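Trainee: With this note's numbering applied, the sequence shown corresponds to residues 186 to 238, in that order.
Just so you know, the hints here were simulated from the structure itself, not pulled from any lab data.
Owing to the predicted nature of the structure, the values given are computational and were not obtained by experimental measurement.
We put the beta carbon where it would ideally sit given N, CA and C, even for glycine.
It cannot be assumed that every hint is accurate.
The following label-pair restraints were derived from C-beta to C-beta distances [as the list claims (entries may be wrong)]:
no., residue 1, residue 2, range
1, I225, K200, 13 to 21 Å
2, G229, L192, 18 to 26 Å
3, G222, V195, 29 to 37 Å
4, L212, A187, 26 to 34 Å
5, A226, G205, 17 to 25 Å
6, M186, T207, 39 to 47 Å
7, G222, H201, 28 to 36 Å
8, I188, D210, 29 to 37 Å
9, G229, E206, 21 to 29 Å
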Amino acid sequence: MAIGDILVDVQAVAKHYGDGETRVDALRQVDLQVRAGEVIALLGPSGLARRRF
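Between the sequences and the hints, there should be enough to build the whole structure, so can you do that?
Mentor: In structure tokens:
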């Protein structure tokens, strides 16, 4: 593996909670690439890590 090689490549990821009027779109068509040597951070509200997909 060399610096710059793609390690993660996801496209059009979507996730929602609830239905109808209570539906909340957590992710809408998210694309992400992570390459070797990169540092990333995923941030969200306190307690979010306890949520399971």
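Trainee: Evaluate each hint against the coordinates.
Mentor: Now for the hints, and whether the structure bears them out:
no. : hint                    : verdict
1   : I225 x K200: 13 to 21 Å : holds (18 Å)
2   : G229 x L192: 18 to 26 Å : holds (22 Å)
3   : G222 x V195: 29 to 37 Å : violated (19 Å)
4   : L212 x A187: 26 to 34 Å : holds (30 Å)
5   : A226 x G205: 17 to 25 Å : violated (33 Å)
6   : M186 x T207: 39 to 47 Å : holds (44 Å)
7   : G222 x H201: 28 to 36 Å : holds (33 Å)
8   : I188 x D210: 29 to 37 Å : holds (35 Å)
9   : G229 x E206: 21 to 29 Å : holds (23 Å)
Checked against the numbered hints given earlier, this structure breaks hints 3, 5; the rest are met.
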